[in-house]
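What follows is the residue order along each chain.
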Amino acid sequence: MRILVVEDDKDVAGFVVKGLKEAGHVVEHAATGRDGLFLAASEAFDAIVLDRMLPGGVDGLRLLETLRSQGNTTPVMFLSALAQVDDRVKGLKAGGDDYMTKPFAFAELLARVEALTRRGRNEGPTTKLVVADLEMDLLSRSVKRAGTKIDLQPREFRLLEFLMRHAAQVVTRTMLLEGVWDYHFDPQTNVIDVHVSRLRQKIDKPFATPLIHTVRNAGYMLRPEPP
Amino acid sequence: MTGRGIVEIPSLPAGAPPELHRLPPPSLIERAFRSTGVRFGVIYAALFGLSAVALAAFLWWSTAGLLERQTDTAIDVDAQGLSERYTEGGVPALVETIKQRVDGNVDDDAIYLLVDPAFRIIAGNLDGWPERLAIDVEATEIRISRGGVASLAMVHRYDLADGFHLVVGRDVEAKAQLRRMLADAMVWAAGIALALGSVGAWAVRGLFRATIADVAATATAIGAGDLTRRVRVSGQGDEFDMLAETINDMLERMTRLMDGVRQVSNAIAHDLRTPITRARARLEDAATHAASTDELRAAVDRAIVDLDGIVAIFQALLRIAEIEAGSRRAAFAAFDMTPVLRDLVDMYEAVAEDNGQALEADIPDTLPMFGDRDMVQQAVANLLDNALKFTPAGQSITLAASRTGAGAWIAVADRGPGIPLADRERAPERFFRGEQARNTPGSGLGLALVQAVAHLHGGNLVLSDNNPGLRAELQLQAIE
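So the protein lines, in turn, are chains A and B. Everything in the first sequence is counted per our numbering, starting at 1 for the first residue and increasing by one. Everything in the second sequence is counted per our numbering, starting at 1001 for the first residue and increasing by one.
No lab work stands behind these hints, which were simulated from the structure alone. Mixed in with the good hints there might be a few duds.
As the list claims (entries may be wrong) - If you anchor each label on the Cβ, the simulated ranges turn out as follows:
id : chain 1 : residue 1 : chain 2 : residue 2 : range
1  : A       : Val130    : B       : Glu1353   : 27 to 37 angstroms
2  : B       : Ala1361   : A       : Arg200    : 22 to 32 angstroms
3  : B       : Arg1229   : A       : Ala41     : 52 to 62 angstroms
4  : A       : Asn72     : B       : Glu1353   : 23 to 33 angstroms
5  : B       : Ala1361   : A       : Phe38     : 22 to 32 angstroms
All C-beta atoms, glycine included, are put in the ideal place defined by N, C-alpha and C.
In isolation and in its complexed conformation, chain A is listed as follows:
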């Protein structure tokens, strides 16, 4: 995928660009808002990682607003040191698709950016999700694996749905908290791990091959073969 990184800090930018390239993406970098806007408006990207405070007169918010006013719908991930709730709201209101605060873990950034680009692709309403021999019928709210019906609690169903929608993709604990529980804080206890392990008991335990894998230092991934 083609990703544009607009970030003025040389170290942070270098780290992000290197990481994204290692993950197999094509990355362009702009160090000022003006350059970033020029690149974003003149070339096609699958996602933009955007700092909010940028030199050169055009800050992240302005850049995004200008881009959106031109009808450009490229998914944008804010990456900012402005961490207050109001800042986040402002960023999302301006047209941002996700908001991450600095400092950040690269695994989290990568997972979220990939989720953003994925989201743009399958917009159509789906009624059925399938990963290997695991099937989820969204209309009858039923789950089957290898033809066997599996009973899930409503919350387990939503957790599995989230994992299946992001199949073959790293899903972090924070993403699950926000996406499944709509919680915007980190609980002290390992709640997510407990819920995932319960889901594993039902989805993976009775079968030969596991589908839910733990990705070290990052989160989880649902796919037929181990990552």
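With chain A held as given, fit chain B onto it using these hints.
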């Protein structure tokens, strides 16, 4: 033409003061009127004087004025009767009637005079035609002479046919005396009103100044750094007391915020030093002693975990500061607490079961609330986190909620070691960690956030003994 000013400025002699831009010094009166106290005093005096004048005018109108109007009416009625007689029987009848009336006048205040075209007296009780009663005057107050005695009279003049003139009047000497007395009284009253008004104005100004002086003195003391000073409240419950209380409330809050800032800076200085030291030591140790790349990588990984912990503490501190500053009030909205609490129970129940604990919930079907949903959610989550952390296996944790008159009451009770009475007061302070909590993971900020959220919602966090264990009650007001 427009460039004139620019050309003229350099032509001014060097050092000449720019007179045009200097305001004239304020005069003494201008200066005095800048004082609100003086303005209030003057307004008071003006109102007092105005009401005194209004009162005097009414008094005059209803006494002296009334008498005058009565006299006028009496004269008119009298003249009406005479005119009827004159129409009936001419001058002789008029003369007869005048004589009768003069004789029948017991009070001896009626005045009549009938003169012929040559102003010779035909009938009446006046000594002569009053000189000042000119030809064209119809009604006036004049000095008259009656039986040799001078007096004051109100007279009306009527010109009859054939050149005869008739004067009808009333002696008003007694009434004039009354009027003079009244006027004298009013002059005195005006003097007294002026004196009282001035004294009152001065008193108002003084009172005002005294009250303001206390506020000013308090503000000065606060400005100089003495945050304990407060404005004196007289206890009368008047507007000044209300002002004083408002100011005191503001100062109270400012002091709390200042304390908060001080606490946070102290906390950063002391409590963050430990994890930073640890991370630094690990990195330095790895840099100098690591024998292999794997060891080095492991040390770096651990240091990252340490740094993440520090960041988490920072975020918690900032979050608490954000809540305490009250800026989150803008995000207040109406919501139902019940699904929020049910979701939390659903989330933590699994964890409790894994730990061998039981999580029991007693939540009403609906619990309307007005506030910040995310913040309340996080506060209850923190309480549940704590309860799960400290309750031993085999014991239960309860989450109870109910509606109160003002909002909502939420309680989380556990069977852990509890918090000793001595520490309970300090438990919600930032970075406070009790003896029992020393060896458990945590930042010591959980309860601080809960308390901040409670304060944000006009409520409180109350910690009590659950015999055994801790009972944390959250009282929230649904302030709109």
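Hints not upheld, ascending by number: Violated: hints 4, 5.
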